[in-house]
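The listed protein sequences correspond, in order, to chains A and B.
Our numbering numbers the first residue of the first sequence as 1 and each following residue consecutively.
Our numbering numbers the first residue of the second sequence as 1001 and each following residue consecutively.
Don't read these hints as lab results, they were simulated from the structure.
Note that CB positions come from ideal geometry on N, CA and C, so glycine has one too.
Any given hint could be a false lead.
What the hints assert, rightly or not - Residues on chain A that point at chain B, a partial pick, calculated with CB under 7 Å:
(1) 196
(2) 256
(3) 257
(4) 258
(5) 260
(6) 262
(7) 263
(8) 266
(9) 302
(10) 303
Unchecked claim - Ranges of calculated distance between the beta carbons of each label pair, as one might list FRET restraints:
(11) 56/A to 1006/B: 56 to 64 Å
(12) 392/A to 1111/B: 46 to 54 Å
(13) 1111/B to 37/A: 37 to 45 Å
(14) 132/A to 1051/B: 32 to 40 Å
(15) 1122/B to 203/A: 43 to 51 Å
(16) 1088/B to 188/A: 25 to 33 Å
(17) 1056/B to 137/A: 37 to 45 Å
(18) 1038/B to 198/A: 18 to 26 Å
(19) 360/A to 1044/B: 42 to 50 Å
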Amino acid sequence: MGNAINSGDTAWVLVSCALVLMMTPGLAFFYGGMVRRKNVLSTLTLSFVFMALIGVQWVLFGYSLAFGDSIGGFIGGLNYLGFSGVGAAPNPNYAKTIPQGLFAAFQMMFAVITPALITGAFVERVRFKSFLIFSVIWATVVYDPLCHWVWGKGGWLGAMGALDFAGGTVVHIAAGFSALAFALAIGPRKGFGKNPIEPHNIPLTILGAGLLWVGWFGFNAGSALAANGVAVNALLTTNTSAASAGLVWMVLSWLDGRPSPLGLVTGMVVGLAAVTPASGFVTPMAAMVIGAVAAPLSYYGIRFRDKRQLDESLDVWACHGLASTWGMIATGLFATTEVNAAGANGLFYGHPGQLGIQLLAIVATMAFTFGVTFLVAKLLDLSIGLRVTTMEEEVGLDISGHGERAYS
Amino acid sequence: MLKKIEAIIREDKLSDVKDALHEIGIVGLNVFEIRGHGRQGGITLAGRSGTYQVDMLTKIQVNIILSEHNLDETIDAILKSAYTGESGDGLIFVSPIEEVIRIRTGERGHEAVMYPGDIDERKSRGVTKSSES
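Generate the whole structure from the sequences, applying the supplied hints.
Shown next as structure tokens:
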């Protein structure tokens, strides 16, 4: 088995693994800039803590639940508990030319950032202890099974032929719709809708968006799990979609007033989220369309959310959920085996059935992640409480929750 | 008799006001960054999606303690240098001060607010604005 390892593939996935790890700090700063100064440390911590939390959970049992021997297509078995047997030898079910340990590490970084994405829904008011309990439960009963459905050997959605190159369902729709459910369960921040809650440091957000874009090359191009043409295509589609979405968002914002820097970088991230499921299956020109359509979808998604007076605070649903829903649909339209022989053709390449499969994967992901998240969040709210007290919220979570302040 | 001027001015007018005060010989002043609004109300900022209103604007407050006989000249300098004609130019408040004590010397009252080369010293030397610069 050891002979099958390709050093080029292994080197690229090692680098990609580091790039995807960097996205979690990137996301932390992306979010941290958008909250008020009294909650910036809390917001950074909500993301950062997953590098520790999932860094342990994944090794203990997370990887096994996602990628262990399938139990009915719904969840992985316990055969990789504690990373047993996960080492230098490749696992031909997932990647024939790199060590399974590397595949598991690369996947760990996805498991780390996905729950971190959700935190945008409940910043500035969540009780840290309840959040930690929620996160362990969510990673175990939502992320790991869903990951198995789509990417695990024998997972039911993957077996059905659903195409999700780098996590449109597993990462972005899951995070977006879980965020929506959690926001409904926890309720709005004090004063939401009455006084504007201004971002306290937009440069931090712009810095975070930059780190996210760089990291996304590892996220999408690394998902080829090899240093090959599919990886290069994924890198090109990723860049193209981010670029076109950023441009369109900037124009929309300009037409409404001024070309907002926060809007520009939000558009870029939306383009990245949208192209994620499609990146290894579509051409760069298709990616340009994907980004250009994703931008207005999320832009007006934010507006819609705001009109409904729903405090899904940092728009995880609009930016990741909606964008990647479109990205999954677009995969069913634009996918072509000319780009990736291991993929499939979409509607525009003579295979309308693929669109149906994509829609099923979308609906299943939305229903599962929204439903379970709402249930878990509600149960926690009724038992130990999801929110801090009004006084703690007014003081700010940095001091009241963590005993530190960002700017002394 | 000592007076306090609290001038609330535009953020971007601070250097003009500072220069104008310096020119007439006002040496000591304190500057605060404050937030608030008056008749101007607020401004519209670009947001993530569309715009939003902010009603707390950043303004600058300049505090000056001075002798009453210099008051009119100083107010005049602020009025000229802080003026744009648009709403949001600000306000000037004047109030009496009971006492001023310089910590280093123990000087009180008028003596405590005098500086070398300040407005009073210039007047006593008969220095005009133009001959000074």
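Cross-check of the supplied hints:
1. At about 5 Å, the closest approach between the beta carbon of residue 196/A and any beta carbon in chain B falls short of 7 Å, and the interface hint on this residue holds.
2. Satisfaction of the interface hint for residue 256/A is found here, the shortest Cβ-Cβ separation to chain B being roughly 5 Å, below the 7 Å cut-off.
3. Hint on residue 257/A holds. Least Cβ distance to chain B is approximately 5 Å, under the 7 Å limit.
4. The closest approach between the C-beta of residue 258/A and any C-beta of chain B is roughly 4 Å, which is under the 7 Å cut-off, so the hint is satisfied.
5. Interface hint status for residue 260/A: upheld, as the beta-carbon distance to the closest one in chain B is roughly 4 Å, under 7 Å.
6. Taking 7 Å as the C-beta cut-off, the interface hint given for residue 262/A holds, the closest approach to chain B being about 5 Å.
7. Annotation: residue 263/A was flagged as interfacial toward chain B, and the flag holds, the nearest CB pair being 6 Å apart, inside 7 Å.
8. Among the interface hints, the one on residue 266/A holds; its C-beta lies about 5 Å from the nearest C-beta in chain B, closer than the 7 Å criterion.
9. Contact between residue 302/A and chain B, as hinted, is supported at the beta carbon level, the nearest pair being about 4 Å apart and thus within 7 Å.
10. With 7 Å as the threshold, the beta carbon of residue 303/A comes within range of chain B, its nearest partner Cβ sitting at about 5 Å, so the hint holds.
11. For residue 56/A and residue 1006/B, the hinted distance range of 56 to 64 Å is satisfied, since their beta carbons lie about 57 Å from each other.
12. Range check, residue 392/A to residue 1111/B: about 51 Å between beta-carbon atoms, so the 46 to 54 Å window is met.
13. Between residue 1111/B and residue 37/A the Cβ separation comes to about 43 Å, which falls inside the hinted range of 37 to 45 Å.
14. Hint check: residue 132/A to residue 1051/B, Cβ distance near 37 Å, so the stated range 32 to 40 Å holds.
15. The hinted range of 43 to 51 Å is satisfied by residue 1122/B and residue 203/A, whose Cβ atoms lie roughly 44 Å apart.
16. Checked against the hint of 25 to 33 Å, the C-beta distance between residue 1088/B and residue 188/A comes to roughly 32 Å, which is consistent with it.
17. Taking the beta carbon of each, residue 1056/B and residue 137/A are about 40 Å apart, inside 37 to 45 Å as hinted.
18. A hinted range of 18 to 26 Å for the beta carbons of residue 1038/B and residue 198/A is consistent with their spacing of about 20 Å.
19. The supplied range of 42 to 50 Å is met by residue 360/A and residue 1044/B, whose beta-carbon atoms lie about 44 Å from each other.
Of the numbered hints stated above, none is contradicted by the structure.
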